[in-house]
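From first to last, the protein sequence lines stand for chains A and B.
Using the working numbering, read the first sequence as starting at 1 and increasing by one per residue.
Using the working numbering, read the second sequence as starting at 1 and increasing by one per residue.
Hints are computed from structural coordinates only; laboratory data are not their basis.
A couple of the hints might just be wrong.
Copies of one chain are not kept apart here, so a pair can be met inside one copy or by any two copies together.
[Claimed, not checked] Result set (DSS-like, lysine-lysine): computed pairs, CA atoms no more than 25 Å apart in a straight line:
#, residue 1, residue 2
1, Lys11, Lys217
2, Lys354, Lys118
3, Lys87, Lys11
4, Lys217, Lys99
5, Lys5, Lys99
6, Lys350, Lys118
7, Lys11, Lys350
8, Lys350, Lys83
9, Lys354, Lys217
10, Lys5, Lys118
11, Lys35, Lys5
12, Lys350, Lys217
13, Lys99, Lys118
14, Lys11, Lys83
15, Lys87, Lys350
There are 2 protein chains.
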Amino acid sequence: MQVIKGFEAGKEALDRGSLRVWDSASPQVLDRIEKLFNERLTPREVVSRILDSVRWRGDSAVLGYTSMLDGVDVDVESLEVPKAALKQAYDAIPADLRKAMETAAARVRSFQQACMPKSWIDEATGLGEQFTPMARAGVYAPGGLAAYPSTVLMTAIPAKVAGVDEVTLATPSGRDSSGPNPTVLAAAYIAGVDRVFQMGGAQAIAAMAYGTESVPKVDIVCGPGNIFVTLAKQMVYGEVAVDGLYGPTETLVIADGSADPVLCAADLLAQAEHDALASPVFITTSETVLAQVAAELARQLEMLPKRNIAAAALEGQGVLVLVDDLDEAIALGNLYSPEHMCLLVEEPRKLMTKVRNAGGVFLGESSPEVAGDYIAGPSHVMPTGGTARFNSSLGVHQFLKVTSVIGLDSETFHALGEDAARFAEAEGLNGHARAAQIRLERSKGGGL
Amino acid sequence: MQVIKGFEAGKEALDRGSLRVWDSASPQVLDRIEKLFNERLTPREVVSRILDSVRWRGDSAVLGYTSMLDGVDVDVESLEVPKAALKQAYDAIPADLRKAMETAAARVRSFQQACMPKSWIDEATGLGEQFTPMARAGVYAPGGLAAYPSTVLMTAIPAKVAGVDEVTLATPSGRDSSGPNPTVLAAAYIAGVDRVFQMGGAQAIAAMAYGTESVPKVDIVCGPGNIFVTLAKQMVYGEVAVDGLYGPTETLVIADGSADPVLCAADLLAQAEHDALASPVFITTSETVLAQVAAELARQLEMLPKRNIAAAALEGQGVLVLVDDLDEAIALGNLYSPEHMCLLVEEPRKLMTKVRNAGGVFLGESSPEVAGDYIAGPSHVMPTGGTARFNSSLGVHQFLKVTSVIGLDSETFHALGEDAARFAEAEGLNGHARAAQIRLERSKGGGL
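Based on the sequences and whatever the hints tell you, model everything.
As structure tokens, then:
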């Protein structure tokens with residue numbers, strides 16, 4: 001864990017350069033590729049091959065890669081999980097977990113409803129915007145060892161609220177070919193997912209982007225995944241829409257002298273336990289708080305079941321920075337552009353207006369990141385790796401598109417037609433100019 | 001030009017399948033590649049090489065490809081066009097064209113201002129959305145033979161209205177190394193573009209996406225371009241945001257028995273003159289109108305300076321379809337998902353609500369597509385190739401991102417904390433559960 005003093009040193013430590021975390025693979029991954037493909041391929045080459053195969057061979061390629069890469073045997077008949085299995089999974093989960101999931105789902109739904117943009121036409125100008133939902137969305141939910149039913153709620157519900165006709169979920173079976181994680185299926189039931197396919201990895205993204213005999217082609221693929229899923233999303237961009245490319249998770253906590261070091265450390269550790277590549281970053285204006293948080297991190301780490309992962313994340317990416325004032329803290333936060341920016345300061349609402357780049361901003365002690373992960377309402381699928389500079393959290397807007405409405409009245413068109421024709425002539429487009437002029441002439445009783 | 005009767009036959013003719021027009025190249029392009037690179041490379045391979053070179057070698061790669069591919073010699077000092085040249089170009093254009101461009105710019109600005117979403121927080125829930133602009137946008141404007149100053153207004157102004165700090169324009173020099181098209185520079189002046197670089201093709205996209213010694217790295221690359229520009233945009237997606245991938249332009253006109261065949265034909269020809277690959281599509285419920293439009297197309301074609309291009313487009317992609325009613329017409333329109341959908345019908349506002357997939361919808365005789373191209377207000381940069389199924393017209397939303405705001409009060413958090421902890425435990429994330437529980441215990445006077 002790096003401890004850094006001063007703004008300039010903080011800048012250096014938090015500048016991400018142009019590294020794309022989602023495009024680099026560990027030596028272990030490269031070795032596994034070589035073993036499976038009998039060739040030293042890059043992850044990008046592997047994914048390119050998988051995409052091509054699924055595009056041209058459909059189901060059989062999906063099933064083949066599922067067997068080869070996931071070690072799971074699925075046949076065409078069982079590729080789609082029957083709808084009844086979702087309800088069964090829902091009925092089988094413990095009542096208190098079910099209640100927690102239902103509460104989360106209701107809050108996600110209600111927040112997304114509040115985010116829905118409205119179509120409008122300005123009657124004075126005849127111009128407006130008409131929002132329409134995509135027809136089909138494909139949601140990816142990782143499975144196997146780390147299954148996140150919460151992610152199903154956080155992706156599928158925004159799609160349904162946006163008005164998507166059919167939401168497809170792709171999620172891999174467990175290693176024992178026992179089918180997808182039951183809690184993931186229960187979440188799919190709660191979220192109102194229309195169809196579930198037991199498939200994972202790049203082959204799942206390809207199946208949804210191109211369509212196969214069994215899997216319908218969608219308009220957008222979304223949700224987090226491993227490097228192969230993410231590369232596949234990058235490469236199908238344009239064929240379909242993509243919500244974003246997600247890497248390891250990140251939390252940046254900004255604290256002033258009023259912050260509770262116990263809570264700061266707990267929130268940083270919640271971040272760190274996700275993944276050895278997770279990034280817990282702490283920026284404070286108080287030297288005392290900095291020292292206390294460092295001590296608390298060491299103390300609380302010992303109590304964590306996942307202390308090995310958390311320790312690796314702290315060691316690898318953990319940074320504690322001391323700065324002079326909150327303006328410097330926010331400047332560093334905006335430079336880093338984290339997935340989660342938590343403001344443990346006296347006046348978080350005031351500081352928030354200076355946040356320019358973040359997936360989500362968490363205001364004060366009662367809004368820890370864990371609330372955002374599960375229950376607050378906004379989707380926990382948020383831009384990582386600095387992409388908050390240009391990308392948004394997942395929400396209804398990702399599943400909507402806007403059609404510009406152009407409904408000029410005759411008077412307006414006649415006031416503008418000459419200018420349009422002149423501009424068109426300047427670009428050498430006489431047919432365009434004529435389409436305008438012909439209307440102007442007609443109104444004067446002229447013909448063509 | 002195909003003439004088709006009936007809905008089912010229309011469906012077959014207008015189904016695009018999964019063809020990506022922006023990913024296929026003509027034999028001439030492939031030959032030129034072979035000549036320039038001494039290898040039979042695909043356009044994608046060419047672009048991949050260019051991206052890598054610019055990424056690692058910066059300016060010198062940009063200048064090298066500009067010389068090699070565009071036949072234009074530019075040195076580092078003249079890569080950026082001096083600001084004074086923009087004002088000079090603006091002063092030098094004819095007064096009536098300047099007026100037309102100023103009128104267009106004012107209307108684009110005013111429409112985009114009306115489209116600006118507003119940040120909000122619901123005080124009851126503590127949740128909201130904070131919209132912030134990207135810091136830097138890179139706009140591409142094709143140059144050389146076909147320069148479109150209107151496109152500069154239609155891309156740069158939405159970025160400026162959204163609040164982007166610095167808008168960069170990339171546009172190639174003319175073949176004679178005389179610098180960019182002066183009307184394009186004048187448009188850049190009007191739009192308030194901050195910096196202009198004379199560069200084109202994939203190397204321009206790479207320079208803006210990665211940054212070079214001279215060209216600042218941007219957060220989004222946008223605007224239309226040829227196949228190399230479009231492939232480059234596809235491949236840098238994720239590194240930066242991309243507005244969309246654009247192919248040849250398309251207009252689909254829906255007409256009932258009330259439509260004026262002269263105007264229908266003029267609008268289809270305005271479309272057709274763009275490009276031999278442009279798609280003019282006509283769908284009508286009236287057999288009489290269909291016959292009249294066919295006759296008018298033949299008659300008006302003869303008057304067009306660009307009749308060869310327009311004839312090629314009509315021959316290659318032109319389709320006239322006769323259907324039974326307007327519901328069938330709209331269903332075909334939504335299937336085709338055109339860039340422009342023009343409703344030359346008695347009640348366009350009523351029909352509009354059934355439009356699901358279109359870049360822009362043009363209502364009635366006084367709203368021809370030419371008005372949208374130049375002067376109506378909404379950006380003429382709209383999704384093509386069927387991507388209106390999932391993409392929107394260019395606008396402020398492309399240059400904004402939204403940060404989710406999570407500001408729960410203590411009471412709300414305490415009501416939800418147990419559910420959050422339970423959900424976290426179910427996913428095996430005890431550190432998350434602890435971050436919630438520690439807050440609940442504190443309020444009961446407990447410690448850690």
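Run through the hints listed earlier and report the numbers of any the structure violates, in increasing order. Numbers 3, 4, 5, 8, 10, 11, 12, 13, 14 and 15, in rising order.
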